[in-house]
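Residues in the sequence shown are numbered consecutively from 715, following the numbering used here.
Watch out, some of these pointers could steer you wrong.
20 Å max Cα-Cα, derived SDA-like pairs, lysine to any residue [unchecked claim]:
1. 720 / 810
2. 755 / 868
3. 720 / 739
Each pair of labels, with its calculated beta carbon distance range [unchecked claim]:
4. 854 / 812: 37 to 43 Å
5. 826 / 884: 43 to 49 Å
6. 813 / 784: 17 to 23 Å
7. 816 / 885: 26 to 32 Å
8. 891 / 724: 22 to 28 Å
9. 832 / 748: 24 to 30 Å
10. 886 / 858: 15 to 21 Å
11. 814 / 866: 20 to 26 Å
If you are wondering where the hints come from, they were derived from the structure by calculation, not from laboratory data. From the three backbone atoms N, C-alpha and C, an ideal C-beta is built for every residue, glycine too.
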Amino acid sequence: MSREYKIHNPEGIYFITPTVVAWIDVFTRLQYKEIVIESLKYCQSAKGLKIYAYVIMTNHLHLIVQAEKGNLSEIIRDFKKFTSKQILKSISENIQESRKKWMLNIFEFAGKNNSNNSKFQFWQQHNSPVELYSNEVIEQKINYIHQNPVRNGIVEREEEYLYSSARNYAELSSFINIEKL
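Starting from the given sequences, assemble the full structure and let the hints guide the process.
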């Protein structure tokens, strides 16, 4: 992995994008989004993850995050490890999941072709972290995150999308509490 795709500043604020392998639209199902939400909440309360902005799209997340304590790389690694196990378990146990066999085959193929995994791979290896070094860049990334569902034609206004911190910034209820920048 190249140096540019690593988290170097332990106190830095980062824009990251965890992405499902093969860009599979897993998060079209509520139960899989709930696993991500609960895991992010756990990382906030138990691991000191500060979340400033987020959006859960159909096959990836965008986050602006920082580690209050600890190591951001380790927090993200643990988040991805836990959510991948829980989502894969949920997919395999979901008798109503019409895409079960297809998805599990892709995740198994990805896992077998990656020496870092033993069987399945859910998340792509990288997160493409970008350290946010100025208020202008932070604002640009927050707008990018909040406009993602609008650009994808899911909603007309960013605060209408339930799985985004745009709701927090608009003073509406949200699934995840954030710290505004």
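Hints, verified against the model:
no.	hint	result
1	720 / 810	violated, 38 Å
2	755 / 868	violated, 24 Å
3	720 / 739	violated, 26 Å
4	854 / 812: 37 to 43 Å	holds, 39 Å
5	826 / 884: 43 to 49 Å	holds, 44 Å
6	813 / 784: 17 to 23 Å	violated, 36 Å
7	816 / 885: 26 to 32 Å	violated, 41 Å
8	891 / 724: 22 to 28 Å	holds, 23 Å
9	832 / 748: 24 to 30 Å	holds, 26 Å
10	886 / 858: 15 to 21 Å	holds, 20 Å
11	814 / 866: 20 to 26 Å	holds, 25 Å
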